[in-house]
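Asker: The whole structure should be built from the sequences, with the hints applied where relevant.
At position 39 of the sequence shown (counting the first as 1) the number is 39 in the working numbering, and the numbers step up by one without a gap.
If you are wondering where the hints come from, they were derived from the structure by calculation, not from laboratory data. We treat Cβ as the ideally placed atom computed from N, Cα and C, and that holds for glycine. One or more hints might be untrue.
To be verified - Between beta-carbon pairs, the in silico distance windows are:
(1) Ser84 x Phe21: 12 to 20 Å
(2) Gly4 x Asp75: 20 to 28 Å
(3) Asn26 x Lys53: 36 to 44 Å
(4) Arg79 x Arg52: 14 to 22 Å
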Amino acid sequence: LVTGVQTCALPICYTNEMKHFFDVSNPGLRSRFTNWVEFDDYSIPELKKIQRKNILSQYPNTEEGALILADKAIDVFDRDGLISGNARFIRNLVQEYSFANSVRVRNEGELSQVAISTLTTKDINGGYKVLYKGLINSK
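Answerer: If you want it as structure tokens, here you go:
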């Protein structure tokens with residue numbers, strides 16, 4: 001630290017986990033953090049918008065049917081209580097779609113720019129199934 005310079009620490013975490021951390025760590029630590037700011041989770045429509053933006057930024061030729069199916073996937077995750085209202089979940093979901101796309105493109109043997117920049121319903125189904133199965137098995 002530089003003399004005369006004030007330092008600000010911003011511990012960022014989920015609320016319950018952060019409160020637990022402060023409760024079980026150094027008893028004086030909580031008193032050093034007097035201001036708490038909590039951010040609301042994203043709503044399902046907001047998560048769908050984030051997902052669509054992420055998909056189209058990576059796969060600009062995505063089929064409209066794939067985008068509709070991706071929205072339906074979020075609805076199923078929400079219905080089954082498997083989705084949290086944060087964008088990390090969406091990033092992980094889109095990553096699974098990307099893995100499924102890579103497998104499909106390799107298996108089809110079409111390594112064109114169009115093929116690798118297009119998500120299909122097959123990619124959405126493949127990525128959804130992997131993430132859904134993983135979440136169900138972890139419960």
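Asker: Next, verify each hint and record whether it holds.
Answerer: Status of each hint after checking the structure:
no.: 1; hint: Ser84 x Phe21: 12 to 20 Å; result: 18 Å, holds
no.: 2; hint: Gly4 x Asp75: 20 to 28 Å; result: 54 Å, violated
no.: 3; hint: Asn26 x Lys53: 36 to 44 Å; result: 41 Å, holds
no.: 4; hint: Arg79 x Arg52: 14 to 22 Å; result: 19 Å, holds
The structure does not agree with numbered hint 2 stated previously, though it agrees with all others.
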